[in-house]
Structures are given as C-alpha cells and as structure tokens.
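*Asks:* Chain L is already provided as a structure; the job is to place chain F on it using the hints.
What follows is the residue order along each chain.
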Amino acid sequence: MALVHVPPFESFYVEHRDAVLRELRRTLGREWAEDAYQETFLRALRAYGKLRNADNLRAWVLTIARRVAVDQLRRREASPPVPEPATDSRPAYAALGELADDLPRKERAAVVLRYGYDLSYAAIGAALGSSEDAARQATSSGVRRLRRRMQ
Amino acid sequence: MTVSPILDNRFREAAAAAGLLDVTYDLTDSPVGTLLLATTDRGLCRISFDPQPDREAEWLAQTFGVRVLRATKPVEPVRRQLNEYFEGKRTRFELQVDLHRSAPFSREILERLALVPHGETTTYGALARAAGRPQAARAVGTVMNRNPVPIVLPCHRVVGANGSLVGYGGGLERKELLLKLEGALQNTLL
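Those sequence lines, one after another, are chains L and F.
For the first sequence, my numbering assigns the number 1 to the initial residue and increments by one for each residue that follows.
For the second sequence, my numbering assigns the number 152 to the initial residue and increments by one for each residue that follows.
This is chain L alone, in the form it adopts within the complex (with noise of 0.2 Å):
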C-alpha cells in the first residue's frame, strides 16, 4: 500500500473537528461532548507524531473518538462525579500563571490545563499520556507544591 503524505496536524483538525464533534454529540450528549472532544484530539496529538500512514484519517479520528466516549460512558456508570477533594479546589489563576512556570513539566502542564483551561482529568490524562488517576496526582502535587511556595 503506498504511504501516504502525513498533513500538518492544523488541516487534519480543521478537516475533521466538525465530525468528531457531531459523532460525540450523537453518543454522549451536547454537554459531555465537549470534554470529549478536548480528550480525542490530545489523544490524536499525541500518537499523530508517530503516525506513517495518512490513508484514512477520518476513520483514525473517529476510532479515537468512540473509545473516548467508551471510556466515559464507563466512567459515569461506574462512578456518578464526586465533589473534588480538597486540596483540589481551584487556586486564583492570576497567581497560577506565573507561579506555576517553575513547576516541573508534567506538573505544570496538568495544573494549567486544570485550571487554565477546565480540561477534566481524563482529558489530562490524554495530553501527558497517562491515566486520568495519574493526571489527577499530578495536578494536586503540583498545586500543593505552589501552596507551598506561596506561603
């Protein structure tokens, strides 16, 4: 099969976005679809560097998209949302900023997608590559890292 030409990832997403909103919103809902769609295309991101075949892009994305909704139809059934604990309640980002630029990476990139950008935790999960339990640590030891240095 001959390999196709991998596009910069801007047209891929401006080519596909659309339709991997309208999918998500057909199995999960307008509201919930919007989480998705943060955590399917850092998802797409991430392997995007390594794809060598840009045969089918669409149904690629559409694949990542329906695991995605997979996952969170799971994770509702298993577990209705929980208040957040404590030390996870949301510092004033105007001190978040700047502050956190001295995080180490993965901490910092977790604390800022938290609250910079309200991205959940299984959308964190996708953009660090890891699991949603382990964005969720990063981010609380990252914010009480900056508890400390605020004090």
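Careful: at least some of the hints might be erroneous.
In silico lysine to any residue, SDA-like type, Cα no more than 20 Å apart, as pairs [as the list claims (entries may be wrong)]:
hint	chain 1	residue 1	chain 2	residue 2
1	F	Lys240	F	Gly170
2	L	Lys50	F	Glu209
3	F	Lys224	L	Gly116
4	L	Lys106	F	Gly170
Honestly, the hints are just simulated from the structure, not real lab data.
*Replies:* The following block gives chain F in isolation, referenced to the frame of chain L:
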C-alpha cells in the same frame, strides 16, 4: 462550523500548554502587512511576509515536525516585542531563535547578522569577511534571501557595498520602511 470558537480555542491553547506541539504559529498585523509567526520549543523559527498559512504549515511540518497548530499564547512574546519594535520602543529583540534546521554556513551567517545593531547597516561582503569567507558575498546574499526569521534577524540591515539596498526577500519597499523606522536610511544611497 459546528465547533464553536470557544471550544476550538480551548483545544488549541491546551495542546500548546501540554507541550504536545512541534510548532505553534499565529498571524499578526504589522506596518509591513500581516505576518505569520511560528515558534518551536527552541524558539522563534519563522516569520513570513504575505503568508499563505496552508503552505507555511506544510513547510513548518516538513522542517520541524508534523504537529503544527495555530495557537496564540506561545507566539505572544514575539508578537509583543514586534509591536514594541514597530512603535519605536524596542531596538533589540530578546528572543531565542531556532536555527537548528539551517545549514551550518547559513546558521553562522545568520548568527553574525543578529549582531548588526538597530540603526546601522552592514554589507554582504563585510558579513562574508567576518565569517572568514571573503569570496562568499553572493552566498551571503542567498542566505539573506532565505532568512527564516526576517525583522528579528535583521537582513534588512544588509546593503550593497555602494549603499544601494540591493534586494529583500519581503520586497524592497519593506526593507526601506524598516530602515527608515530605525533611522538608518540617511547614510544610505537609495
């Protein structure tokens, strides 16, 4: 479009904040027209005049990696310093420049170019001599013409031995405008 601008931007900025991109780019307005600005982890890697974003994204992907995405935040320092420069409030850029994909000779010439101060000019021959290649004035001209980050690496400050402006990748009008802005034109024959 089904995807709202808010949702779209949130993904773009989150992707950049997560450190998942090879290149981030954005467009900005300036007195020399719309500019495309692009950065990698290593620094500013591209400024282009009259950009055609699709073609630029293709070039960036081939040069630095396919994870190319338009987003605002990573290019913000570049945008800010360029604005200050055009307002006459900045004479030196404090930006890392990513030249690691340039050939060694180009890189050496571009690094020397970076030292030519605001308000002054040099010549193709002088840059060639400074690089220990006195015969290479023409090759220096080619490097200037292909400068990946014009304005910040000031190829507009390089003129002919007789003071004529010679040429500019972004067009001679822009070279003249930049030199006038810097107050460097009175010593130069047009």
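*Asks:* Take the hints in turn and mark each one as holding or not.
*Replies:* Status of the hints after comparison with the structure:
Pair hint Lys240(F) plus Gly170(F) does not hold up; C-alpha atoms about 31 Å apart against a cutoff of 20 Å. Restraint check for Lys50(L) and Glu209(F): the C-alpha separation of about 17 Å stays at or below 20 Å, so the hint holds. As the CA atoms of Lys224(F) and Gly116(L) are separated by approximately 12 Å, the hinted pair is consistent with the 20 Å bound. Distance check on the hinted pair: Lys106(L) and Gly170(F) sit about 9 Å apart at the alpha-carbon level, within 20 Å; holds.
When each numbered hint is compared with the structure, a violation occurs for hint 1 only.
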